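Protein chains: 2
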Amino acid sequence: MDILKEKILTEGIALSETVLKVDNFLNHQVDPSLMHEIGREFQNRFEEKGITKILTLESSGIAPSVMAGLLMGVPVIFARKRQSLTLTDGLLTSEVYSYTKQEINKVCVAHKFIGEDDTVLIIDDFLANGKAAEALIHLADQAGAEIAGIGIVIEKAFQEGGSALREKGYHVESLARIANLEAGKIEFVKEKEHSNADV
Amino acid sequence: MDILKEKILTEGIALSETVLKVDNFLNHQVDPSLMHEIGREFQNRFEEKGITKILTLESSGIAPSVMAGLLMGVPVIFARKRQSLTLTDGLLTSEVYSYTKQEINKVCVAHKFIGEDDTVLIIDDFLANGKAAEALIHLADQAGAEIAGIGIVIEKAFQEGGSALREKGYHVESLARIANLEAGKIEFVKEKEHSNADV
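Chain order of the listed sequences is A and B. Each residue of the first sequence is one higher than the one before, starting from 1 at the first, in this note's numbering. Each residue of the second sequence is one higher than the one before, starting from 1 at the first, in this note's numbering.
Heads up, some of the hints might be wrong.
[Said to hold, decoys possible] Simulated crosslink set (DSS-like; lysine-lysine; CA at most 30 Å straight-line):
(1) B:Lys168 - B:Lys49
(2) B:Lys112 - A:Lys7
(3) A:Lys5 - A:Lys112
(4) A:Lys81 - B:Lys131
(5) B:Lys7 - A:Lys7
(6) A:Lys106 - A:Lys168
(7) B:Lys5 - A:Lys81
(8) B:Lys5 - A:Lys131
(9) A:Lys5 - A:Lys131
(10) B:Lys7 - A:Lys131
(11) B:Lys106 - A:Lys49
(12) A:Lys106 - B:Lys101
(13) A:Lys101 - A:Lys49
(14) B:Lys49 - A:Lys5
(15) B:Lys106 - A:Lys106
(16) B:Lys81 - A:Lys81
(17) A:Lys131 - B:Lys106
(18) A:Lys112 - B:Lys49
(19) B:Lys131 - A:Lys101
(20) B:Lys81 - A:Lys106
(21) B:Lys101 - A:Lys101
(22) B:Lys168 - A:Lys106
(23) A:Lys185 - B:Lys185
(24) B:Lys112 - B:Lys7
(25) B:Lys5 - A:Lys101
(26) B:Lys5 - A:Lys112
(27) B:Lys190 - A:Lys81
(28) A:Lys7 - B:Lys81
(29) B:Lys112 - A:Lys5
(30) B:Lys81 - A:Lys112
(31) A:Lys81 - B:Lys101
(32) B:Lys106 - A:Lys81
(33) B:Lys81 - A:Lys101
[To be verified] Computed from the model, here is a short list of chain B residues facing chain A with C-beta under 10 Å:
(34) Leu9
(35) Gly39
(36) Ala63
(37) Phe113
(38) Asp117
(39) Asn180
(40) Gly184
If you're looking for bench data, these hints aren't it; they were derived computationally from the structure. It should be emphasised that the depicted structure is a prediction, and the values quoted were computed from it without experimental measurement. Glycine included, each C-beta is placed from N, C-alpha and C at the ideal position.
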């Protein structure tokens, strides 16, 4: 997705060989118009799948997910990392280790929002070691829902999460795939999978 | 805002005299199309104000804010409740007590995203005792930004936050104002402030 890659190149910062800072437009300051384009791209890539719900994780997954949900006409559920007084009944839970926050988060969704009749699209901002995606898969599996695919804004393709999920048979679509972040330079994976994918 | 009030009446649950559960469409499962209408309503109410940035708080403020930001053509910044490894430099911080989570959260924004030249619209999902709004005001004040107004999806008008903010001179616009939640019944404040306000 060209405009996303352009944005990453001009505003992203390779903080280290594993950490890409995109707080200018994705996970602290948010560019709503870019999120809308990202939502449209997810719509294009998954529209044949009969999606009934989008499942994401608070907080950075919410903006791209609600735009995708708006365009696809389906509700978005964001899994919670912490329990609230008003979120109590029939919880499905899983656990995820956050590398950037260095802690284990219990994540949960209310069971009433995902069921056996649902075809779920999982969306997240980043895919690196795949732990967050696995937790979301675990939540959807517990609900008996079908997982139609996993839509990722930025995949760190030099980490194992993406290939592990694809090997398990999941349909993973990442809008920008980073090949490496060495020497402060951001390099994308060269690929021609989609008509709108670029180098 | 009629469709929001209708949604609150049909899908909201008065858990107690102070707690309104709206996890069906606002703060766990999200209705993207309703969020878009909410964004449009904020746009209508604040479009004359020369807004340059929307400031909100993760996580439930994000969905209505990105829709408002999309329609108003301005970036959204969501204040973080927990610090990330990638969010380190030049932080403005404040504190907010969350009644529904019963804890004090340190909230922060990167200074580089809000400055003296900004005219900020603060958006949040709920206004009750006003602590979250005050923390966001405190963040914007530290940045030297002008605060154009405060847009709230649901105000618990029986709590003191809204009147305290209005007494201080802030322009507060709440799309649904709850008069009381007694006996499990949701009652709105009767008002005719806006052409689209209803009983």
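Hints versus structure:
Distance hint between B:Lys168 and B:Lys49 is fulfilled; the C-alpha atoms sit about 18 Å from each other, no more than 30 Å. A C-alpha spacing of about 18 Å is found between B:Lys112 and A:Lys7, which places the hinted pair at or below 30 Å, so the restraint holds. With a CA separation close to 37 Å, the supplied pair A:Lys5 and A:Lys112 exceeds the 30 Å bound. Pair hint A:Lys81 plus B:Lys131 holds up; C-alpha atoms about 21 Å apart against a cutoff of 30 Å.
Between B:Lys7 and A:Lys7 the alpha-carbon distance is near 37 Å, which puts this suggested pair outside the 30 Å criterion. Our distance criterion of 30 Å between C-alpha atoms is met by A:Lys106 and A:Lys168, whose separation comes to about 24 Å. The hinted pair formed by B:Lys5 and A:Lys81 meets the criterion: a straight-line CA distance of about 28 Å does not exceed 30 Å. Note on B:Lys5 and A:Lys131: the hinted pairing is violated, with a Cα-Cα distance of about 39 Å set against a maximum of 30 Å.
With a CA separation close to 24 Å, the supplied pair A:Lys5 and A:Lys131 stays within the 30 Å bound. Our distance criterion of 30 Å between C-alpha atoms is broken by B:Lys7 and A:Lys131, whose separation comes to about 35 Å. About 41 Å separates the Cα atoms of B:Lys106 and A:Lys49, which puts this hinted pair outside 30 Å; it is violated. Restraint check: the Cα-Cα separation between A:Lys106 and B:Lys101 comes to about 15 Å, which is no more than 30 Å; the hinted pair holds.
Under the criterion of a C-alpha separation no larger than 30 Å, the hint pairing A:Lys101 with A:Lys49 is inconsistent with the structure, at around 34 Å. Under the criterion of a C-alpha separation no larger than 30 Å, the hint pairing B:Lys49 with A:Lys5 is inconsistent with the structure, at around 33 Å. A hinted pair counts as satisfied when its Cα atoms are at most 30 Å apart, and B:Lys106 with A:Lys106 qualifies at roughly 20 Å. For the suggested pair B:Lys81 and A:Lys81, the alpha carbons sit about 12 Å apart, so the restraint of at most 30 Å is met.
For the hint linking A:Lys131 to B:Lys106, the alpha-carbon distance of about 26 Å falls within 30 Å, and the restraint holds. For the suggested pair A:Lys112 and B:Lys49, the alpha carbons sit about 41 Å apart, so the restraint of at most 30 Å is broken. Note on B:Lys131 and A:Lys101: the hinted pairing holds, with a Cα-Cα distance of about 25 Å set against a maximum of 30 Å. Proximity of B:Lys81 to A:Lys106 is assessed by CA-CA distance (about 16 Å); at most 30 Å being required, the pair is judged to hold.
About 20 Å separates the Cα atoms of B:Lys101 and A:Lys101, which keeps this hinted pair within 30 Å; it holds. For the hint pairing B:Lys168 with A:Lys106, the CA-to-CA distance comes to about 40 Å; that exceeds 30 Å, so the pair is violated. The straight-line distance between the Cα atoms of A:Lys185 and B:Lys185 is roughly 58 Å, outside the 30 Å bound, and the hint therefore fails. Straight-line distance between C-alpha atoms of B:Lys112 and B:Lys7 comes to about 38 Å, which puts the hinted pair past the 30 Å bound.
For the proposed pair B:Lys5 and A:Lys101, the alpha carbon gap of about 38 Å is over 30 Å, so the pair is violated. Proximity of B:Lys5 to A:Lys112 is assessed by CA-CA distance (about 22 Å); at most 30 Å being required, the pair is judged to hold. For the given pair, B:Lys190 sits about 37 Å from A:Lys81 by alpha-carbon distance, which is inconsistent with the 30 Å threshold. Restraint check for A:Lys7 and B:Lys81: the C-alpha separation of about 26 Å stays at or below 30 Å, so the hint holds.
Between the alpha carbons of B:Lys112 and A:Lys5 the distance comes to roughly 22 Å, so the proposed pair stays at or under 30 Å and holds. About 27 Å separates the Cα atoms of B:Lys81 and A:Lys112, which keeps this hinted pair within 30 Å; it holds. For the hint pairing A:Lys81 with B:Lys101, the CA-to-CA distance comes to about 12 Å; that is within 30 Å, so the pair holds. Taken as a hint, the B:Lys106 and A:Lys81 pair is honoured in the structure, with Cα atoms around 16 Å apart against an allowance of 30 Å.
Our distance criterion of 30 Å between C-alpha atoms is met by B:Lys81 and A:Lys101, whose separation comes to about 12 Å. The beta carbon of B:Leu9 comes no nearer than 17 Å to any beta carbon in chain A, farther than 10 Å, and the hint placing it at the interface is violated. Evaluation of the B:Gly39 hint against chain A yields a held restraint, the C-beta minimum of about 9 Å falling below 10 Å. Using the Cβ-Cβ criterion of 10 Å, the hint placing B:Ala63 at the interface with chain A is satisfied: the shortest such distance is roughly 5 Å.
For B:Phe113, the shortest C-beta to C-beta distance to chain A is roughly 5 Å, which falls under 10 Å, so the interface hint holds. Proximity of B:Asp117 to chain A is violated relative to the hint, the smallest CB-CB distance being about 15 Å (cut-off 10 Å). With a cut of 10 Å, the hint placing B:Asn180 at the interface with chain A is violated, because the nearest CB-to-CB distance is about 18 Å. Interface restraint check for B:Gly184: the shortest CB-CB distance to chain A comes to about 14 Å, outside 10 Å, so the restraint is violated.
Violated hints, in rising order: 3, 5, 8, 10, 11, 13, 14, 18, 22, 23, 24, 25, 27, 34, 38, 39 and 40; the structure is consistent with all others.
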